[in-house]
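Please build the complete structure, drawing on both the sequences and the hints.
Number of protein chains: 4
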Amino acid sequence: MKQNKKLWGGRFTEPTSGITEKISASIHYDARLYGQDIRGSIAHAKMLKKAGILSATELESIISGLGQIQKEIEAGSFRFDASLEDIHMNIEACLTERIGEAGKKLHTARSRNDQIALDLRLYLKDESKEIQIKLKELTLLLVNIAEDNLDIVMPGYTHMQIAQPVRFSQHILVYAQQLLRDLTRLENASLACGSMPLGAGALAGVNYLTDREFLSNELGFSDITHNSMDTVSDRDFILDFLYFASVLGMHFSRLCEELILWSTSEFEFIRLSDKVTTGSSIMPQKRNPDVAELVRGKTGRLYGNLLSLLTMLKGIPLTYNRDLQEDKEPLFDSVDTVRMAIEGIHEMLSSMKINKEKMLSSVFRNFSTAVDLADYLVKKGVPFRESHEIIGSIVQYCEKNNADFFKLSIDILKDFSKHFSDDAIEKLDPTSSPERKESSGSTSKSEIIKQIEHIKSSLDKCHSKN
Amino acid sequence: MKQNKKLWGGRFTEPTSGITEKISASIHYDARLYGQDIRGSIAHAKMLKKAGILSATELESIISGLGQIQKEIEAGSFRFDASLEDIHMNIEACLTERIGEAGKKLHTARSRNDQIALDLRLYLKDESKEIQIKLKELTLLLVNIAEDNLDIVMPGYTHMQIAQPVRFSQHILVYAQQLLRDLTRLENASLACGSMPLGAGALAGVNYLTDREFLSNELGFSDITHNSMDTVSDRDFILDFLYFASVLGMHFSRLCEELILWSTSEFEFIRLSDKVTTGSSIMPQKRNPDVAELVRGKTGRLYGNLLSLLTMLKGIPLTYNRDLQEDKEPLFDSVDTVRMAIEGIHEMLSSMKINKEKMLSSVFRNFSTAVDLADYLVKKGVPFRESHEIIGSIVQYCEKNNADFFKLSIDILKDFSKHFSDDAIEKLDPTSSPERKESSGSTSKSEIIKQIEHIKSSLDKCHSKN
Amino acid sequence: MKQNKKLWGGRFTEPTSGITEKISASIHYDARLYGQDIRGSIAHAKMLKKAGILSATELESIISGLGQIQKEIEAGSFRFDASLEDIHMNIEACLTERIGEAGKKLHTARSRNDQIALDLRLYLKDESKEIQIKLKELTLLLVNIAEDNLDIVMPGYTHMQIAQPVRFSQHILVYAQQLLRDLTRLENASLACGSMPLGAGALAGVNYLTDREFLSNELGFSDITHNSMDTVSDRDFILDFLYFASVLGMHFSRLCEELILWSTSEFEFIRLSDKVTTGSSIMPQKRNPDVAELVRGKTGRLYGNLLSLLTMLKGIPLTYNRDLQEDKEPLFDSVDTVRMAIEGIHEMLSSMKINKEKMLSSVFRNFSTAVDLADYLVKKGVPFRESHEIIGSIVQYCEKNNADFFKLSIDILKDFSKHFSDDAIEKLDPTSSPERKESSGSTSKSEIIKQIEHIKSSLDKCHSKN
Amino acid sequence: MKQNKKLWGGRFTEPTSGITEKISASIHYDARLYGQDIRGSIAHAKMLKKAGILSATELESIISGLGQIQKEIEAGSFRFDASLEDIHMNIEACLTERIGEAGKKLHTARSRNDQIALDLRLYLKDESKEIQIKLKELTLLLVNIAEDNLDIVMPGYTHMQIAQPVRFSQHILVYAQQLLRDLTRLENASLACGSMPLGAGALAGVNYLTDREFLSNELGFSDITHNSMDTVSDRDFILDFLYFASVLGMHFSRLCEELILWSTSEFEFIRLSDKVTTGSSIMPQKRNPDVAELVRGKTGRLYGNLLSLLTMLKGIPLTYNRDLQEDKEPLFDSVDTVRMAIEGIHEMLSSMKINKEKMLSSVFRNFSTAVDLADYLVKKGVPFRESHEIIGSIVQYCEKNNADFFKLSIDILKDFSKHFSDDAIEKLDPTSSPERKESSGSTSKSEIIKQIEHIKSSLDKCHSKN
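Residue numbers (my numbering), protein chains in the order written: chain A, 1 to 466; chain B, 1001 to 1466; chain C, 2001 to 2466; chain D, 3001 to 3466.
What the hints contain is simulated information worked out from the structure, not anything from laboratory work.
Glycine included, each C-beta is placed from N, C-alpha and C at the ideal position.
One or more of the hints may lead you astray.
[Said to hold, decoys possible] Between beta-carbon pairs, the in silico distance windows are:
1) B/Phe1406 to C/Leu2209: 23 to 31 Å
2) D/Gly3381 to A/Arg98: 20 to 28 Å
3) A/Ser361 to C/Lys2407: 20 to 28 Å
This is the structure in structure tokens:
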């Protein structure tokens, strides 16, 4: 009898229909929570023993039974049964079949509602730790690249127009700065799953003196949740992760956009390695930056996953509703995507060749030192707005007369303002422009070195807090 | 040698790295396009034969080789190779291995860029046809329910407050009307993939006199695409489907919300069957409307999938970019979700019990015939705004004096307006209120019957046009 | 007395609080519907006259009163009152104040629920017509640019890597093809508001024999809505417009991305005019493509508006809920954005200068004719996959030996395959490559000319159908 | 001459076109930043004075000029000029016109890129502080309601089905718990704008020894930004706020859904006050929970705003791009919406009447104490899964025999299990059920009181840290 399998079937007279089983089943994706589920069950069993609900023998048989199941799952020999709906029921049913009575007691003082809340929090804590490590490594890689290439001067862009000369290191460190913020968001997300949910029962708490502090310690939480109804209806901690992943994806999309741009024949600032490019089925010459494109494209699914959960949660009343089951697939997909994207970017950055000559030659374009010249006049006492206008006229002159701005003579400059002296000429040189920046956080070498130290020490301070 | 497998590897010196393979691979999800891919390849081969590029023997061996592969895939015995990236390369590599030379010729005048554009269009045309059938069946089910329950009067709600008595049929037909519009959107989406893309090559067209009209006829398209570069960069037809699915999901979320509401102890308007409800792991008495909740929750992923693709496409230059590979998973997920949701709703509606007594008794609440009384006065010559105010005072009187509005005496009514005569009393009766509606499209029985005829004839006219 | 103003205040004992007024008020944005509201009211009044509810004199005074109000609104002299909540109540209250009794009768057989449904549909029909015209003009501009520049050869890109030479016209016509599809989506959206809603009342229809067919004709609709409850709860027609706008925005973001790219010092394919570029507050030399950037950025709000409405509609039960008021601001914003974006792009395209020399010289890059050479071998009998490998080796040879692919001698080619004869050399020439494309829809001149004819005739067929 | 007004117009030969002005203009919405802009300019001027770039007199005239402008803006007498694009240029141009030379010097060592970054951060810091206060007040209101109604027992729901009796306070405190998390997210968002951006210049830092630490202290920041290019391209801090607002909106949508549900004739758990309900234009009896509906509906725009910015930022290269201007409208809209929603909810909650009789009577439904009975058996030694099945049979028995579960006799219970003794009967009573919960965080009175203390102390610790 099919329906006998359901652990909740006591009062039902008709079996669930095929579509109900299909639409309800989550085992094909929540099976990945087996480790957390078993860890949670063992802690719960220990607590039940402590509360006198399980005997020492029963506890032992539960622990060894669960251990055996875990081994089988990891070996691929465990047989999941879709009609048992989810990972919790699959494990519990199998345990009971094997160890009998004791298995039937395991669900005492526990509901699937608080059980799944626990599994998800444990899962996210585990994943966050690993992602944190990978992100820190990636940040360090960026820092290393910046450190190794301090002398490369390249065009800095605003509006994709060459604006001012900058150091390549400053540009690459932008991405390190973004990752530092991402690490903070990850930490916030991780703190959001820092409270232990078990003991909330279905919604109201349980009719047993469960030792939730014991469970919390046993499972490595720093606190317990404080409202049973909130505990089973809250998915904020998943949202926080999906949001972290979305912003990370946005940052990555900007980085990838630039890697793609820089790999074009027109820019040629870098050459991505064969390892991360692919060819064309039809054009034998192509070296396509597929990894960068795919990571850029995956931003879509990261945003989509966030929106998916936000939409699902909109307007549903308290407490647990089955809609909440829809939280897992977007979460798992974002976790997998984030891991792949980090790895892909790491691989691209660590194997790319930087074309410093091309970067440097590009700086001699689009009047990149115009603002240096303007500031020269300011320092001679010309109000900035006037100085801005004077340089504007010089630019216009160059365009009309096809003159090379970077090679203008002092005589010509003097035609535009009497405040120009011989030392103005050196302001035209884009290669020395970054060193003219005097403000902290600027693109001068000393400031970049300070910045690198700052990032490194921030990374040192960033440890997993969950 | 790993990289030898790549059909594009000619000029590459280093193998692609593990993460590149992992992030690039699509075979785990695009394998489901095997049927369309083979259908497209057979048509392409026929065209190549017609163009003199393949001999009759070669064509024959390609067709039989592909047929064999299809059988193996369907039997589950075909071995997919993830390092061959996608379904196209898996099939082509296997074919070449088996039939040699002729297999190597199959990719003549074709690129993966137009090949995937073809496969996706064929896939969507196939799926749209089936979804159209299911949706029409669901619409018909709603119509039948409406037809079978014409005499049930229930409260009509605005702002979730009882507003006026309506027929249950009118309420249920709202969902049929929504589905009619969804069918139109599905048809539009389906028309959007009505042009045959093959022959666009990688982006510029091909160096062969391919007979694209032949391909179009062979594959059941009504037109060919008109710009090769557009052909390989366009994914509008997928967006159109994802949008259709999002609006359908929104409609379903409203219907499910009501099924859930109506199943509460407070409303009790319906009882969902055991087949579509599930129990609780801890509370033995629960009968939860899980299917309705899950369908409501799945709205999130339908929106998420649409957003995912919109985001991916934002700001990418022409023509094909690898980001586009990210189009398939959201599409497949929305197709699967739509099919499951239709089936789930069909099952719920076809097995639910309608509690007509509860509906009827609920109509005697919240002054549901107030507007009937107001209109009575209007017909006696009172301007509507004045009449509205008079009835407002009667309502206030009932609330203050705890009087039953539906049993007010004519004497009391006359205290509020001299225009009330004895025939005003019958306007208080909510059971006859729907029949008082005289406008077309209203909730009177004759209008509902007309509406049902209209829906049926619309469904008859709605045939697949792709 | 503040609350006396409310036209629905009859039974209320306490005034609404400040925040309620603030959060409920829509007059600051729905005032723009005044024209549609007045048009609808005049039609409704004519119908009431026809039904004997209004006298000829009353009708006349209503029409002239409303006409007067319209004039005042257009002259800016009408005083809107936020406590009257919305445009409907503002107009009705003013009318009643001025013409008395007849004004109070105007709301007979009408509810705000069907009134707003009418206003929104009329508004969208009006706007769609104008947007259709602007979009057709823009499509024609693209066609004209393509026609005027048929001889420009430029690099065609996949993965942002130079792939094959194409005609600039083919590239620019991609955007015309997109707009043709956008026009279809706009037409679908416009058809979606083709049914006349008035007469649905609050939800159930009205207690009067209203002549809805008369109203439909009077207001230029092609049909009436068929279910009163659906009529007041349906906002699909707004979604359809927001979806059209989102896809249009996506297309524009791709076009703008390219205009921005092409304006860089690195590409220099075009020069945007001073009219659509702006300067920097600090860098005197900058010419920034702000209009292109802003249009690209506005894609965000177009997506956001679609999502906003989809979210709002998720899970709300029938029929009208006040949440629906949130439909207007995203709609108005998307209408305004679409109009501005079209105008901005029109201005950029019509004033840009095309740098054909730079485009042409860029074609001599990245082995752009590799596929032509591969196909040469195929035509000599080499299977495509072998030919692909041979050309791959030639590319590798050039890279290693720093040889210019486009100037390879026949002797060197022969080293790679015995199938090369003297006529192979001409296949290396990128300028003649587009003409080698023989497939329909390709980048050859004759095919482009055919395409242009096809687009023009499509535009001719595209007339407003609402 | 129109274009003379542009402060960047030096090298331009053609005036910007009308659409460029229209699409570029932001003054109609960024005018609201005037306070922050002036505050920032005064700090900048002080720094320039410190650096010897401005004289004491110049500083004084700038400060008094700006003070005058601020007064005029606040008085509504300042004339904004759309052709001056934004708030920065409007203020600077006016200042220069009034005080001459010194005004022209104010933009020294500053770009609009770092200026707007500053203004936005100051704005968000200001708003966050006020929103934090309002949110804390709302949380306290919830706590007070919980405290004042500790003795109300109501049905607790899962799947919208009555599950177990809970205290009303526990239910209402869920929303307090959510707000505590929202306060954390707000604080994180606020910390994200804690670094002072001025001095980044256009992108590379400035050619002056600006004292950024001085500026940071002067403007109340805790740190300075560390990478000039990051500083002008980063909008994470806005995303963080929009995300906070989205989750808050999601929480509010759930609360409002319940207020709407509880206000129905079917539930009648509460009565919202006249102050926050509105009537119908046509149905005189209606009392609609418009405020709750509007807040629920506004979730859409909050999600839309988040998505809008995420979309805009996707894939744009470094550093500043004009797309970024699109950050302001969604931000302002979310700020306004959050403020209105908080106020609306505060008003609803503080004026609602709780119908404790109706809540209590509803608890005697749907076998709400089934789990209490099951746990009774467990404590007698029956394994939980068996006990679950026994109670399932009792439920089935009641349904078949139309027996009142809450009044079952001990004899009948004994028919189902020999473990039932006389003391089982009291477990049937739903009113005492909440007190049976022994776990911490449960719905028993003592646990709720602990929870209230915990929330209060959390609120006390929550101070603005920016």
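Results of checking the hints against the structure:
The beta-carbon spacing between B/Phe1406 and C/Leu2209, approximately 26 Å, falls within the hinted interval of 23 to 31 Å. Here the CB-CB span from D/Gly3381 to A/Arg98 is close to 22 Å, well matched to the stated 20 to 28 Å. At about 24 Å, the beta-carbon gap between A/Ser361 and C/Lys2407 stays in the expected band of 20 to 28 Å.
Figure legend: structure checked against the earlier numbered hints; every hint is met.
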